[in-house]
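Protein chains: 4
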Amino acid sequence: SSDVKSKLKDAELLKTDCFVGGEWTGAESGETMPVYNPATNEVVANVPVGGAKETSRAISAAADAFPGWKAKTAKERGSILRKWYDLVVEASDDISSIMTAECGKPFAEAKAECVGGAGSIEWFAEEGRRIQGDVLETVNPSIRFLTTKSPVGVVGAITPWNFPMSMITRKVSPALAAGCTVVLKPAEVTPLTALSLAELGRRAGIPAGVLNIVVGDAPAIGDTLIASDTVRKIGFTGSTGVGKKLAAGAADTVKRVSLELGGNAPFIIFDDADVETAAQMTVSSAFRNAGQTCICANRIFVQEGIRSQFVEAITAVVNGLKLGSGFDEGVTMGPLISPKQRDRVHELVKEAVSKGAKPTTGGGIPNLGGKLDQGYFMQPTVLDNATLDMKVYKEEIFGPAMPIITFKQDKDAIKMANDTEYGLAAYFWTKDLARAFKAAEQLDYGMVGINEQAITSEIAPFGGIKHSGVGRENSKYGLEEFLQLKTLVMGVGYNKTL
Amino acid sequence: SSDVKSKLKDAELLKTDCFVGGEWTGAESGETMPVYNPATNEVVANVPVGGAKETSRAISAAADAFPGWKAKTAKERGSILRKWYDLVVEASDDISSIMTAECGKPFAEAKAECVGGAGSIEWFAEEGRRIQGDVLETVNPSIRFLTTKSPVGVVGAITPWNFPMSMITRKVSPALAAGCTVVLKPAEVTPLTALSLAELGRRAGIPAGVLNIVVGDAPAIGDTLIASDTVRKIGFTGSTGVGKKLAAGAADTVKRVSLELGGNAPFIIFDDADVETAAQMTVSSAFRNAGQTCICANRIFVQEGIRSQFVEAITAVVNGLKLGSGFDEGVTMGPLISPKQRDRVHELVKEAVSKGAKPTTGGGIPNLGGKLDQGYFMQPTVLDNATLDMKVYKEEIFGPAMPIITFKQDKDAIKMANDTEYGLAAYFWTKDLARAFKAAEQLDYGMVGINEQAITSEIAPFGGIKHSGVGRENSKYGLEEFLQLKTLVMGVGYNKTL
Amino acid sequence: SSDVKSKLKDAELLKTDCFVGGEWTGAESGETMPVYNPATNEVVANVPVGGAKETSRAISAAADAFPGWKAKTAKERGSILRKWYDLVVEASDDISSIMTAECGKPFAEAKAECVGGAGSIEWFAEEGRRIQGDVLETVNPSIRFLTTKSPVGVVGAITPWNFPMSMITRKVSPALAAGCTVVLKPAEVTPLTALSLAELGRRAGIPAGVLNIVVGDAPAIGDTLIASDTVRKIGFTGSTGVGKKLAAGAADTVKRVSLELGGNAPFIIFDDADVETAAQMTVSSAFRNAGQTCICANRIFVQEGIRSQFVEAITAVVNGLKLGSGFDEGVTMGPLISPKQRDRVHELVKEAVSKGAKPTTGGGIPNLGGKLDQGYFMQPTVLDNATLDMKVYKEEIFGPAMPIITFKQDKDAIKMANDTEYGLAAYFWTKDLARAFKAAEQLDYGMVGINEQAITSEIAPFGGIKHSGVGRENSKYGLEEFLQLKTLVMGVGYNKTL
Amino acid sequence: SSDVKSKLKDAELLKTDCFVGGEWTGAESGETMPVYNPATNEVVANVPVGGAKETSRAISAAADAFPGWKAKTAKERGSILRKWYDLVVEASDDISSIMTAECGKPFAEAKAECVGGAGSIEWFAEEGRRIQGDVLETVNPSIRFLTTKSPVGVVGAITPWNFPMSMITRKVSPALAAGCTVVLKPAEVTPLTALSLAELGRRAGIPAGVLNIVVGDAPAIGDTLIASDTVRKIGFTGSTGVGKKLAAGAADTVKRVSLELGGNAPFIIFDDADVETAAQMTVSSAFRNAGQTCICANRIFVQEGIRSQFVEAITAVVNGLKLGSGFDEGVTMGPLISPKQRDRVHELVKEAVSKGAKPTTGGGIPNLGGKLDQGYFMQPTVLDNATLDMKVYKEEIFGPAMPIITFKQDKDAIKMANDTEYGLAAYFWTKDLARAFKAAEQLDYGMVGINEQAITSEIAPFGGIKHSGVGRENSKYGLEEFLQLKTLVMGVGYNKTL
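Protein chains in written order, with this note's numbering: chain A, 1 to 498; chain B, 499 to 996; chain C, 997 to 1494; chain D, 1495 to 1992.
Everything labelled a hint here was simulated from the structure, so no lab data went into it.
Worth double-checking, as some hints may not be accurate.
Claimed, not checked - Examples of chain C residues toward chain D, derived with CB under 10 Å: (1) Gly1115; (2) Ala1204; (3) Ile1361; (4) His1463; (5) Val1485.
For each residue, glycine too, the CB sits at the ideal point set by N, CA and C.
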């Protein structure tokens, strides 16, 4: 870990323990596990193998801290969150270095994630003060109807490795703003970013027990969170498969669950699109974090007339990408998260090619030389002539490959776009007002980008439909997930003097 | 069934078939099953034993009808719902007769349910027009952020026998108002009220396939609804046990689920309460529908100083109740829904007495004479000296028995009130402003009645927390359950002329 | 008046008295004044010359009725309004006949106004139940913050002759839904439609004094309303000049005022517009009610490249219009409201022609023959080559003339469109998404039609900025105008037991 | 001014010029006028006598700055406001010193005002990002209805001397957050606090021209603001008389106006109140800022049974007050703002005594010795036996005197409380839930304190009804005053491919 540590202005941000009840603590067993740099396969740090025991302790700590945290005013909680935001912004270079080291994404992408992730903290610091109940128009002159909103209780947050920071702040910030306390399980391969956030939170004055982090044995931690009746809400981002299991498990304790699961995002380029911009943005979306985001362009639908122009343009853009370590100047794409993941994507590409897809660029595993040859890299790949029977069409690729499919009629594109069990993000390019509204309405997705691939913001609801999940993060809706409604029905008929 | 039919102004409202795709239809097997009058054990009618096949057909019908229904404007849908409301109000005597016949509740209670149930139809007819997305304040001058809300798709509604009408209209009306289509499984012992509603809906112009009803084999129907990937949302009211199973099953298709489950409602009578009114209202709550409601007073906590006065008052009120057939003049309490249910409640009472509880009235099974001796009646029972080790304290009684527990300090009452896995409705009586707010806030329940037991209204969110469920019915929140959010992110930076 | 009466199914709807405190009543002086048919100059009916005395009595009646009406639940008020809506829909043929007779607009236009006007009643019948206060997130654990909304009190409504019905229902329905009582002064030249509405309201169960109408001497009535300290809110639609005077007068009693004043609506036809549709819709807007609406197309800006095509198209559409009595089959344009108004418009046209405008059709006063020669008709007129120095550019035309101005750059059109003190409605035609958003944003108007001229609906806020007014009618915002906010700050710190 | 300057940590905060277009500038005439310390009659500083010319320049500067400020995102504006908030909090000792010097209030009160005033800046910094339009449920499948909200334009803010800071931040912060630019006229006797705020705003990055301040000749500045057609909104806090004139004047340019005018606040002590606490809080309210607040207790209504107890308690509390310079340790009440004001209050007291009121303490002008004998002090005065014919009952006292009136029935108190043309703030003390709700509802006031006198917070709407004003400050409603609504009606029927 000396390697990363040396990059940090504040070396104290590289924490390698669980954080429970305000204390940095190892696993009871004393066991640890390595965290690797996917660009080089080097060990970045060793962290405890937390499990059921550590999770139970964390849940207890969160439960103990709940009444006190809930009793604070939203303004008080907001001030602490605001302080956390300030510290995170200040430390964003360090957080980004830790993130690049354990996740592999280019430093600039890590910085961008820091901005967005901090944005969620700031947003919910403010939003918590705006929680609001209703005074309803009564149906009976002797009764007053009010509603109030209160925190759901202890929250379990389970987050993925592809956005080691922002997936956390989207869940933890609204939970804390609402008055909930949290037990967080970050992805086992990217725990360090999470731990740096906890350290900054501690410095900002988040009281002991309000935010707890258990790293280590993912199934053991997850199962303990799910089984606990104390945990009243699970916020999960990850694969559809795991999400379904969590949701099923949560039923027995009637937990509330929000799930941000997989996607299979269509990109539709209508024939009146600005082709150059569309090509640029398609690549930005498809190969962000080496294609490892749930809202990545997964299937590119190009309208007949502009097809060759678009393929040419996009190939040129992809050819301009530079692979390498996220710390190296000019690098625009890093490795995949693991050899397994890299090989899976490689197989998908080979299957597509075997069925007739033509790579206009990429398609294989690069030789980058030096330490990077131990990294888990894959060439960014454009697959022309993709067809509906290929796995790259049917599955979430989660890697740097993009299949291109041609369509004739507008309706054909919509139909193919909706031909998936997923419903997270869809995108299209057109300049036509009516086409824009109608296509947006007909796409069965939770988010629709129109002439734009950067659809994420703290102000905008993020989330999917169908098998891509339930619930929304960020925006005013993201807070509702952590609140429960109470209806007050007050009889005042006994007073006869007024 | 001639008996009920003869009470109806419009005999055509007594339907005895499934309603699928706009057609009245039997089970494919041709099998039927009887519906009993719980006051006399007589058969009211025979209905088909629908199952997986009928449910699958109904789901298909709903899926086919969905695009057309969704494409109507909310105003058009609202007009049809309004017409339905008008017809239901007009037919309320007949609906009430059918309800009393199959469910046993006094006719006046059935009428009251009709008013409330129709109220939900009217409310959502109006509310559908008020669905509203957002135009958000952008974070980027080249982007416009909008959100829209659209219907989730085909909805499965599963409803209980204790409110054969209103539990349906709370789910079906918002679903329809939102643009969803519905497959409804009413309780197998009270299908007839549901079918009369469908007939009125048909007359009101609800298009074929938009509302479907399958009656019969409850597990087969429920399992089919849960397993279907076409069904995107389940609205369930019923037992906590069944609800948990449904929620677990729904996870595999990432369905949205709202659950209104069991309760164990505390009634706290603080020492500054108006004792007479509190006693009256406690009985109204505890013994409505013979104690078979999920928000019934289940545990009565009386503050020391007013205990004897309260027990005396409440005993007097209970002694004034009259058991009998819901059709008979002056009857204020009917039978339980089944012999099994009656015997279960009787056992609970006996267990309490064996542990020291003293019935001040009731306690056994009455002899009412004539046909009623075949009915499933139980005496309304007040159990003084109840203690925390009794089942009547720990379990949902769902019958006409109420345990009375004494407390000293305010905090003791709150603590005992919260000492349950349930969190549906709680009630208390006090005239003190601060006590009212603080007690309401400290009670971990979804609904709190203060000096009032009639907490249900179309305007007020209904639903629980903890193991009493997730989601809300009625009110503006009740519509949200059937809507999904879409975020539109529109790039407009390409235009440089403005 | 026999002439109109004979057209009515329900002759009792032709009322010719003031309506005060639930009674039909003449002026104290016994004086009456005639109401003319502008198509023939015949007298339709004679109505009382109400003035200060009648208005004071009406204000008193409204004040007396206020506490009782306010004390009803919103649901009760909504039911009465709903009944009113039903009766108005039922009587819409009769109301339309009365309207055509006194206002001159084609019967089909009158019917359309009836639909829209009734729509406001229905909307606010529903909306009143949705009035909602807030339970705020406290800043002090010992304090609870609530807000509530209550009716402002007695409302004075002053309405114009160009929409004798819908301008009334937009004001009276929300006022009544909010719990206010009303004194209405309809335009002196079109009182009969208003009186028919009052009669239907009476039948619907609006209690005596809740809705009062005074017809007659406009300045005397208006001054009395404005001077009264009992009247807490004025809702006015009319000329900018009168509106300013009313607002100034209202200051002395700190009344709330909403004003819907004049407009000078630009219609911009961008070069990617669908020219035929744009031409059709421009005529629909410009010559609805013979050009006498505040949101009429007043200035047509056509982008250079499509100018000749557009002028040709629009001239053809205008040539297809048929002038005549609103009762006659096929008539699509009626007379102006008065000879004075007709002459004013004629002068505007002549001034434009003298400065170089070229009429491609119309331009003068038609000879229609028979009784119609006594009517106040003007030919629908298209003025090509209009320039910025003409009065038709600078003033609100309020008659059937439309000046056409050519522009080159998008920005030029926006600049000219905003070059007026008015800010009511603007319109433009384009298919481009970005142009649509940016032009809409840059137009300083309260309402913007994009590819659409029919911008009025009960769901959509109606109102202007700049010298076109303050406040909004219809929509959820239209109710706010009649509500006042109350902040409740409740100290609950004295209770120490919870 | 050396005296105040010496108290400041940052002497640069004592500005003595107008602030226009980002520049500190004198009057064109070169004229200046003194600002006095009301505790000693010493000159604190000399400031320019700005008038029509300076105001016109400020309006131009604001108009020039408007497009740029509006074009920033709400997030950008919010960041600048946040920075301003941070600087104000940091400088709060200095601001408070300036405030005490020119306004006379005790330093601790000045500090409290600083906290509250800064709170408005923070609140609106956040609130601006939450401005939100609507996507409405269409009534026509070919049309989309949206609403947006945009800043009204240049705002004129006119503020009083009794809260030299918080009355400014309540207006300026929401205006700036909304995207408006501002010309502020602070009270002529307390300009220095305003100028210090401007200096901090400048440092925080508020661009030149966005916030302008003109000090000097009040009528000339006010008239210019009112007459200008560029100024689209006036936010005023001050006397009812001036407010009415401003509103009347604003009508000619159809400005939007919000007015926070005078009050005549009733304090009702019901017989179940906590008398000691009520007495404490009554004094806190009545004699804050020496009784010079618009929400001061003006009339004390005590229920018969607790009258003598209450009078005794309140007299004791008042006797504990200490008069003197706001800078002196332990001082709890300062001088009035001017000799004229002091004499007016003295006259009111004398008139009351002449009609039978009995001062239980105070009643005259104190001899405080030293420099303070030149100050404008008045003894805090309790007037027992007050009656309804006294001016202290009928008028806003605005000084340290409180008349006490006894009542029998609850309804009597409500009736007397409402017996005034004012409707700003009312207060009452009771522990009864129903009495609390019903009294709150029956009091015709914009704000109601229940067991609490500290009713002001950035989260709570502040404002009155009747002759106390229109509009609300602070809270989410406070931003609406600076926004105008735009309805977008988009025709999308031309597209037939989707």
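Cross-check of the supplied hints:
no. : hint    : verdict
1   : Gly1115 : holds (8 Å)
2   : Ala1204 : violated (24 Å)
3   : Ile1361 : violated (34 Å)
4   : His1463 : holds (5 Å)
5   : Val1485 : holds (4 Å)
When the structure is compared with the earlier hints, violations turn up for hints 2 and 3 and for no others.
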